[in-house]
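Undergrad: Here's the letter readout for the chains.
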Amino acid sequence: MGSIIKATKATRLRTITQVAGLALFNLHFLRLRSVCVPILNCHSCPLAVFACPIGVLVNFSALRLVPLITLGVLGLAGALGGRLVCAWICPFGVLQDWAHKIRKKRANLWPRVAYLKYALLLGLVLAVPFLLPKSNYTFCNLCPAGTLESAIPWAILGVSSPWRLQFALRVGILVGTVVLAVVVSRGFCRVACPLGAILGVFNKLSLLRMRLTKEDCNSCGACARRCPVGIDPVRQINHAECIRCLECTTTGHLKLGVR
Amino acid sequence: MSSKNRPRFLLLIVAILLSAGLILWSALRVRYPVQGKPISEATITELSLTHSVQRAPNGRLTIPAATGEGKRGAGAAEPCPT
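Which chain is which? The protein sequence lines are A and B, in order.
For the first sequence, the working numbering gives the first residue as 1, with consecutive numbering after it.
For the second sequence, the working numbering gives the first residue as 1, with consecutive numbering after it.
Among the hints, erroneous ones may be present.
To give an idea of the interface, some chain A residues facing chain B are shown, with a C-beta separation under 7 Å as derived from the structure [claimed, not checked]:
#, residue
1, 23
2, 26
3, 33
4, 43
5, 51
6, 56
7, 59
8, 63
9, 68
10, 69
11, 71
12, 76
13, 79
14, 205
Some residues of chain A that are not near chain B, with every Cβ distance over 12 Å (derived) [as the list claims (entries may be wrong)]:
#, residue
15, 11
16, 18
17, 24
18, 58
19, 73
20, 99
21, 100
22, 105
23, 179
24, 209
25, 215
26, 217
27, 230
28, 236
29, 252
Just so you know, these hints were derived from the structure itself, not from any lab.
As the structure is a prediction and not an experimental result, all values here were calculated from the model.
No residue lacks a Cβ here, since even glycine has one placed at the ideal position from N, Cα and C.
The shape of chain A in the complex, shown without the other chains:
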């Protein structure tokens, strides 16, 4: 099957869906926090509509329960599009994209650093809350998205105190994440996002997937230079890091298609 969306349209459309996602997932009056959506948007944000799947995993690990609905939602999102949501609607991804516009030149990342997000998923999302349910050092307590969307707004509103060591630690992690996003495109997504780790597993088998027309490829490397997550889309097509942003499709030999 052919391409679903042309690349030139895709870049524009992605900006629209990203901004729409940022607005729609933070409509204060519409509260559906018993349901999660497969994006990193802190449910402790004063404006958040849905629950964050990573937050639900952390809380259910602490309660020693299996979050069946959340696993189902993540499984469906992954099976349908892999990491598509990371590029198209994740609010924290949008912020990183904007931060990276400050410095256009891309720095390379040591590829093995990407494995850190799997360690964070197993450690701070599942193991620490399961073994130490009252720990203050689960992923949620350190998450930069949570700091930006929840800890800072609540401190500004005077609900929680900013004069604590943990608040300083959280702000430090947030600043580090923003600096990383400026220097390395989608740095947090590639290094530390546990949601990306889960959805990336589905990239190889998802319904929507990248397709390569080998006859049109002259191995110039233009698609690899455009890739915001630093993979070579020709040699590593549907890699776990691919967020299906469609930037590589401007070169003509790669398309997003249905299996």
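Once you have looked at the hints, place chain B on chain A.
TA: The following block gives chain B in isolation, referenced to the frame of chain A:
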């Protein structure tokens, strides 16, 4: 479909059916006993976001506010974990 893609396609079908099945099974059948009442997973999710449901030392799920132990009530408007 190539022979390489066939197992992946089957795996995709299994993943979709399993995920949809998990959601339906949880919504229709799964209930957790909290202080003697059966509560759905969606309700547990909402309560857990505000830390309004906890495991008691005896291993049972409890709502501390209902027993006068907690500071925050069930479904309180203040969910910040910080």
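Undergrad: Each hint needs a verdict: does it hold in this structure or not?
TA: Hints, one by one, checked against the model:
{"no.": "1", "hint": "23", "result": "20 Å, violated"}
{"no.": "2", "hint": "26", "result": "14 Å, violated"}
{"no.": "3", "hint": "33", "result": "5 Å, holds"}
{"no.": "4", "hint": "43", "result": "5 Å, holds"}
{"no.": "5", "hint": "51", "result": "6 Å, holds"}
{"no.": "6", "hint": "56", "result": "6 Å, holds"}
{"no.": "7", "hint": "59", "result": "4 Å, holds"}
{"no.": "8", "hint": "63", "result": "6 Å, holds"}
{"no.": "9", "hint": "68", "result": "4 Å, holds"}
{"no.": "10", "hint": "69", "result": "5 Å, holds"}
{"no.": "11", "hint": "71", "result": "6 Å, holds"}
{"no.": "12", "hint": "76", "result": "4 Å, holds"}
{"no.": "13", "hint": "79", "result": "4 Å, holds"}
{"no.": "14", "hint": "205", "result": "5 Å, holds"}
{"no.": "15", "hint": "11", "result": "28 Å, holds"}
{"no.": "16", "hint": "18", "result": "25 Å, holds"}
{"no.": "17", "hint": "24", "result": "19 Å, holds"}
{"no.": "18", "hint": "58", "result": "9 Å, violated"}
{"no.": "19", "hint": "73", "result": "7 Å, violated"}
{"no.": "20", "hint": "99", "result": "23 Å, holds"}
{"no.": "21", "hint": "100", "result": "27 Å, holds"}
{"no.": "22", "hint": "105", "result": "35 Å, holds"}
{"no.": "23", "hint": "179", "result": "22 Å, holds"}
{"no.": "24", "hint": "209", "result": "10 Å, violated"}
{"no.": "25", "hint": "215", "result": "17 Å, holds"}
{"no.": "26", "hint": "217", "result": "19 Å, holds"}
{"no.": "27", "hint": "230", "result": "25 Å, holds"}
{"no.": "28", "hint": "236", "result": "16 Å, holds"}
{"no.": "29", "hint": "252", "result": "23 Å, holds"}
When held up to the earlier numbered hints, the structure conflicts with 1, 2, 18, 19, 24 and fits the remainder.
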